[in-house]
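The listed protein sequences correspond, in order, to chains A and B. Here the first sequence is numbered in the working numbering, starting from 2 and rising by one per residue. Here the second sequence is numbered in the working numbering, starting from 2 and rising by one per residue.
In short, the hints are calculated from the structure, not lab data. Just so it is clear, CB atoms sit at the ideal spot from N, CA and C, and this is done for glycine as well. Be careful, since some hints might not be right.
Pairs of lysine to any residue, SDA-like flavour, derived with a Cα cap of 20 Å [as the list claims (entries may be wrong)]: (1) A:K33 to B:P333; (2) A:K33 to B:S324; (3) A:K199 to B:P333; (4) A:K293 to A:E362; (5) A:K134 to A:Q23; (6) B:K199 to A:E362; (7) B:K199 to A:P333; (8) B:K196 to B:R146.
Partial list, computed: chain B residues near chain A (C-beta under 8 Å) [stated by the list, open to error]: (9) R208; (10) A232; (11) V235; (12) I265; (13) L269; (14) I303; (15) L317; (16) L326; (17) V335.
There are 2 protein chains.
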Amino acid sequence: MNVYGEHYRTIWVKEDDPAVVQIIDQRHLPHKFVVEDLTTVDEVARAIQEMHVRGAGLIGATAGYGMYIAALHAPKDSVGAFMESLARAGGQLKATRPTAVNLAWAVERQLDAIEEAGGDPEARTRTAFDMAKVIADEDADFCRRIGEHGLAIIEEISRRKGGETVNILTHCNAGWLAFVDYGTATAPVYAAHDKGIKVHVWVDETRPRNQGARLTAWELGQHGVPHSVIADNVGGHLMQHGLVDMVIVGSDRTTYTGDVANKIGTYLKALAAADNDVPFYVALPSSTFDWKRRDGVAEIPIEQRDATEVRTINGLHEGEIVSVLLTPEESPAVNYAFDVTPAHLVTGLITERGVCEASEEGVLGLYPEKRAVVQG
Amino acid sequence: MNVYGEHYRTIWVKEDDPAVVQIIDQRHLPHKFVVEDLTTVDEVARAIQEMHVRGAGLIGATAGYGMYIAALHAPKDSVGAFMESLARAGGQLKATRPTAVNLAWAVERQLDAIEEAGGDPEARTRTAFDMAKVIADEDADFCRRIGEHGLAIIEEISRRKGGETVNILTHCNAGWLAFVDYGTATAPVYAAHDKGIKVHVWVDETRPRNQGARLTAWELGQHGVPHSVIADNVGGHLMQHGLVDMVIVGSDRTTYTGDVANKIGTYLKALAAADNDVPFYVALPSSTFDWKRRDGVAEIPIEQRDATEVRTINGLHEGEIVSVLLTPEESPAVNYAFDVTPAHLVTGLITERGVCEASEEGVLGLYPEKRAVVQG
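Turn these sequences into a full structure, and let the hints steer you where they fit.
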């Protein structure tokens with residue numbers, strides 16, 4: 002997507018130096034646009050661990066490029082020593098965020114590909130480079146396809162409104178910054194905007210970490226998509242007054258029955274959407290499906306994060322990003338990171354294969370090869 | 002309620018100098034406890050306008066004392082000049098926050114009482130002092146009675162839970178800081194806590210102005226009531242998991258049919274409460290009823306406030322209260338201050354006369370003298 006009028010992905014190899022991988026250091030957004038060079042496995046590991054990059058797709062792609070960087074620096078005198086060095090790097094990368102499924106998956110995929118392609122360390126390094134690109138391209142391609150499928154829904158609403166602006170509410174950042182390009186929840190929005198359909202996005206600020214106000218607002222603004230930031234409290238009122246035509250959110254994990262774990266507060270918006278007959282869509286690549294769990298509310302474990310995220314907030318003050326205390330010094334806070342929206346509140350799931358009902362039947366209709374896994 | 006172990010109201014006459022009215026300058030809470038002296042009508046007007054004091058009940062009480070201060074300083078040589086000066090002061094006070102119903106009401110009540118009691122300017126000044134005290138005491142007394150009626154509900158839940166902690170969620174600040182004492186939504190909580198019933202309050206931070214994180218958390222903490230601050234996004238998840246036994250919120254305006262206008266985001270919590278069979282109560286003095294409007298969502302005008310409240314936030318940084326920017330510099334924001342919760346989502350209204358169903362029948366059952374007004 003565009004940043005200051007130029008096309009960017011969230012991760013890429015430096016144009017004139019293929020030994021350098023570049024990322025956007027997202028910790029400084031929206032206040033500063035900082036591109037960071039990654040040249041060692043330690044730097045890649047730190048970028049993931051300290052959340053210079055975040056979001057399932059981007060973490061996977063970064064790990065993929067991390068394994069390429071590991072290959073660049075691994076000893077080339079014997080295949081054994083080379084592969085041993087890569088295994089060590091993989092372990093280091095996987096340990097940075099142990100619960101990020103895409104991270105381990107990208108590392109394993111690299112190790113398997115390198116082993117399978119064979120050859121000497123130089124050839125294996127070229128394989129690692131190719132596979133890093135495949136992982137990143139696949140991620141972007143899945144998001145692009147989600148955008149196409151979601152576009153049809155927005156086009157239909159636009160037609161029904163006689164070409165008037167389609168108002169779309171989103172929560173958190175399931176944007177291109179969380180993936181390699183396009184994003185999931187934002188992909189249909191970008192596709193519609195790029196096609197000339199009038200859209201406007203209500204951006205939930207998404208306390209406590211404010212990914213909406215910081216990241217979604219920034220990426221929409223950079224790409225020229227009209228949007229307004231709102232407090233998380235506002236969506237219900239907007240829906241009561243016909244000011245929201247559809248909701249699109251991402252998902253951190255979706256049961257094969259259609260229950261959606263996503264950023265805390267998603268469930269409240271789904272309730273308001275149902276109460277006001279506003280369609281509520283979840284956009285997700287199929288890697289997000291949990292093929293083992295039936296009952297999201299009962300079975301999906303919800304991470305509790307540090308109370309500091311609620312008690313304080315970061316913002317720009319006199320040119321510097323500073324943290325300010327919001328609560329009384331003595332007041333405790335509790336910080337659940339996700340909630341689960343039951344399938345019956347979800348109008349449809351937008352996946353890379355198409356749109357389906359948020360139900361076992363709907364999901365397995367699009368992913369019939371998973372029927373055996375689910376019943377196993 | 003208690004502050005640093007001492008009992009306070011939100012407004013009082015200075016113990017050793019009855020020409021000085023004192024308030025808590027709430028702009029500094031929760032980071033600093035600042036008591037401010039008010040000795041002129043200008044100071045009172047500024048305190049209301051710049052929100053040193055806020056909340057329907059407290060604004061009314063402050064206007065009441067403002068008229069007493071006006072009387073103190075009005076010319077005493079003729080009743081005409083005295084009353085003229087008072088009328089001017091009343092106009093000045095009423096202009097500070099034109100939409101605050103209690104403000105105009107307190108000013109008019111003072112002018113009527115002073116006129117009716119008659120006498121010379123000195124006698125009239127004593128009347129103004131007495132009436133200021135009556136207005137403040139009535140406010141505190143209404144809240145105390147709301148507390149008693151709500152206490153019965155908490156006691157019942159506590160009994161049902163075998164004395165285990167009763168978890169109560171509240172939104173915004175309908176606490177004693179918004180009134181003269183006790184508050185409305187908090188009054189039952191204080192009554193229960195003071196009686197030794199185990200309670201714990203989930204305090205919605207209440208973006209954008211964070212009245213929950215700043216004020217409700219502070220006053221509960223000062224009074225020793227166990228509580229946890231949460232992002233506004235969290236309540237639905239807590240209710241799904243049985244962690245909320247009841248919701249109590251205040252109201253800015255309630256139709257006689259039971260639709261409740263309250264701080265933005267209240268509606269979302271009401272939806273979650275209904276979805277999870279959690280009782281949802283609204284505590285309000287009868288002055289908050291709107292006897293003219295039937296349909297809250299359609300008829301109650303919702304104030305839009307400055308976008309700066311969404312784009313920035315105040316907090317403590319290195320000992321100073323500073324404002325930080327949360328969004329991209331270029332991103333617009335929209336700031337609706339209230340929403341309306343339809344009566345069917347409200348379990349009951351807790352008023353100074355008792356608890357009733359949120360319906361025309363329920364409300365007129367408690368306030369039969371309003372039947373003529375409603376049908377007129």
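Against the structure, the hints come out as follows:
no. : hint             : in the structure
1   : A:K33 to B:P333  : holds, 18 Å
2   : A:K33 to B:S324  : holds, 18 Å
3   : A:K199 to B:P333 : holds, 17 Å
4   : A:K293 to A:E362 : holds, 15 Å
5   : A:K134 to A:Q23  : holds, 13 Å
6   : B:K199 to A:E362 : violated, 46 Å
7   : B:K199 to A:P333 : holds, 17 Å
8   : B:K196 to B:R146 : holds, 15 Å
9   : R208             : holds, 4 Å
10  : A232             : holds, 4 Å
11  : V235             : holds, 6 Å
12  : I265             : holds, 4 Å
13  : L269             : holds, 4 Å
14  : I303             : holds, 7 Å
15  : L317             : holds, 4 Å
16  : L326             : holds, 4 Å
17  : V335             : holds, 5 Å
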